[in-house]
Amino acid sequence: MLRENFRKIGAFILAFALLSSPNIYAAGTGSSKAETVYKAAKKKYVLMRVSESKVKLRDSWIDVIDTFLSVYLEYPESERGDDSLYMVGRLYEELYGQSKNSMDLYRAIEIYDKLTQEYPDSRLADDARFKIAEIYHFGLKSPDYAFKNYQRVVDEYPKGDMMLTAAERLKSLAKYAGEKAIDEGAPRDVKKEEVKPDIKTHNGTTVTDIRTSFDGEKTRVVFDLSENAEYTYGHLKDDPQNNLPNRIYVDIKKGARGKNLKEKIVLKDGLVTEIRTGGTDPGLLRIVMDIKGPSDYKIFPLKSPDRIVVDILSKEDDKGEDVTNTKEEIDVTPPKKTPKTDIKVVVIDAGHGGRDPGAVGPTRYYEKTANYKIANYLREYLKSRLGLKVIMTRETDKYLTLKDRTALANKSNADLFISIHNNASRDRSVFGVSTYYLAVTSDRKALAVAARENDTTIERLTELDYILTDLMVSAKRNESSLLAKFVQDGMVLSLKDGYTDIKDDGIMQGPFWVLVGAQMPSILVECSYISNVREEKRLKSESYLKKIAYGIYKGFEKYINEIDKAKENW
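Residue numbering for the sequence shown follows full-length UniProt numbering, beginning at 1 and increasing consecutively.
Be aware that one or more of the hints could be misleading.
[Stated by the list, open to error] In silico EDC-like links for lysine to aspartate or glutamate, alpha-carbon gap of 16 angstroms or less:
1. LYS303 to ASP63
2. LYS268 to ASP290
3. LYS298 to ASP397
4. LYS42 to ASP63
5. LYS254 to GLU217
[To be verified] DEER-style ranges, computed between Cβ atoms:
6. VAL533 to THR396: 28 to 38 angstroms
7. LYS292 to GLN241: 43 to 53 angstroms
8. PRO301 to ASP144: 10 to 20 angstroms
9. LYS175 to ASN243: 36 to 46 angstroms
10. SER172 to GLU74: 13 to 23 angstroms
11. PRO240 to LYS411: 50 to 60 angstroms
Derived from the structure by calculation, the hints contain no laboratory data. Glycine included, C-beta positions come from ideal geometry on N, C-alpha and C.
Please take these sequences and the hints and turn them into a complete structure.
Here it is, written out as structure tokens:
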């Protein structure tokens with residue numbers, strides 16, 4: 001299986017070696033064939049995600065990735081070329097969530113960058129650049145690189161839907177801007193940062209920094225560059241007579257050491273003991289790494305920003321680049337829920353949180369704040385008046401993935417699950433209260449809400465999430481729709497007892513990812529429109545928030561009292 005893993009890695013590298021070949025475009029667009037292969041890849045993806053066994057295996061992910069990648073390789077000029085690359089990047093991100101192999105994030109970056117280069121006018125180009133920034137920001141913990149890529153979103157896609165969010169992120173990372181100031185009042189006026197060599201008189205590539213990391217099995221050394229570099233590398237065997245260890249060297253042509261880069265770096269942990277930089281010939285910068293014992297290594301360049309990556313792995317481990325065993329099972333499936341006849345445990349999910357503020361109101365009031373307050377009021381009502389055990393998906397302002405929230409409900413053997421949100425619309429005159437349960441729908445309004453909560457687009461929902469949701473809807477659909485009805489009625493009735501202009505938008509179906517896989521009746525509430533001036537103001541009022549929570553509680557109470565009777569008629 002290890003050889004099979006290497007074969008797949010080799011195929012991946014070979015595929016990208018072919019990307020620069022002009023002959024690949026000779027066959028024409030093949031739009032219909034591309035669509036067929038793309039749909040097959042989607043189906044394969046869906047079947048993997050809903051399979052408890054396949055989703056745990058790296059081979060399954062690589063197989064899906066290869067299928068999507070084949071669309072780009074065989075039909076690059078088709079309408080699915082950019083879509084397929086985006087899906088490959090997304091899959092590597094999702095795979096990292098399970099494997100924790102940082103190489104998966106670097107692969108995602110490479111793919112997203114390829115998308116921006118090959119399809120600069122694609123509707124996904126700004127999304128891809130933003131994804132690169134987010135990976136550096138939150139995945140690789142490299143805020144300086146994150147800043148540069150957020151900056152590119154602002155500069156290169158000023159009319160894109162990610163521009164404002166990128167500008168907000170730039171403000172939070174202002175200290176990484178160097179001497180460049182950020183205009184707080186007008187995000188689109190942020191000036192483009194010029195990346196220049198540290199040594200101003202040098203006409204070539206400057207190594208600005210050397211970073212290292214060790215994960216217990218593999219040491220990674222990264223050379224940060226001022227620009228793309230031409231280089232060679234090799235291995236020098238140990239020389240006991242001269243007390244020299246195994247060494248790996250990289251020679252950078254027209255290279256220079258940055259002014260803040262040390263000539264010698266001594267490391268205490270990992271497979272590299274020392275890194276030295278110096279010149280052997282004019283116009284050549286040599287970087288030498290002393291290695292503990294026999295080892296395998298891989299050296300490859302990455303872009304956006306430019307850098308050279310060296311991965312060193314002890315030969316004793318004999319695992320190559322991918323340290324995650326191809327057949328290693330990753331336990332991400334919650335335990336099966338034991339059926340219950342009474343309701344004792346409720347999980348309340350305060351939507352968004354942490355780096356994800358959710359929708360933002362006209363006066364910059366964050367949805368995540370209102371969601372959290374409503375959730376806490378609801379918890380008190382359910383505990384004190386119904387005697388229920390209540391579990392919160394988040395007790396603080398922290399970020400959780402949508403999958404994490406549902407997984408917590410399943411692991412807690414919850415009897416009911418509710419995700420609390422507040423809606424938003426480009427039309428600030430829109431207002432109202434609505435409740436959703438998981439189901440396939442063609443309603444554009446419901447799809448728009450689901451797309452926002454899922455952090456995706458309606459188009460991607462209709463292409464991918466429809467199928468996935470249809471497969472994941474469980475036997476709890478009747479219970480969920482009944483719970484949605486009672487909660488919706490409760491919220492509207494409670495709010496009307498104290499406030500005017502309360503609009504009942506009713507209950508709706510939608511493909512909400514936070515509800516996918518829930519093993520209990522589950523709903524999502526949109527308590528108000530935070531984008532509406534009046535309702536945003538009300539959401540800042542504790543009395544209004546309590547009214548919402550009280551209405552939800554009354555809905556739960558009615559459901560608990562009537563569910564057994566309702567089941568008799570199903």
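Hint by hint, work out which the structure violates, then give me just those numbers in ascending order. Result: hints 1, 3, 5, 7 and 10 break, sorted rising.
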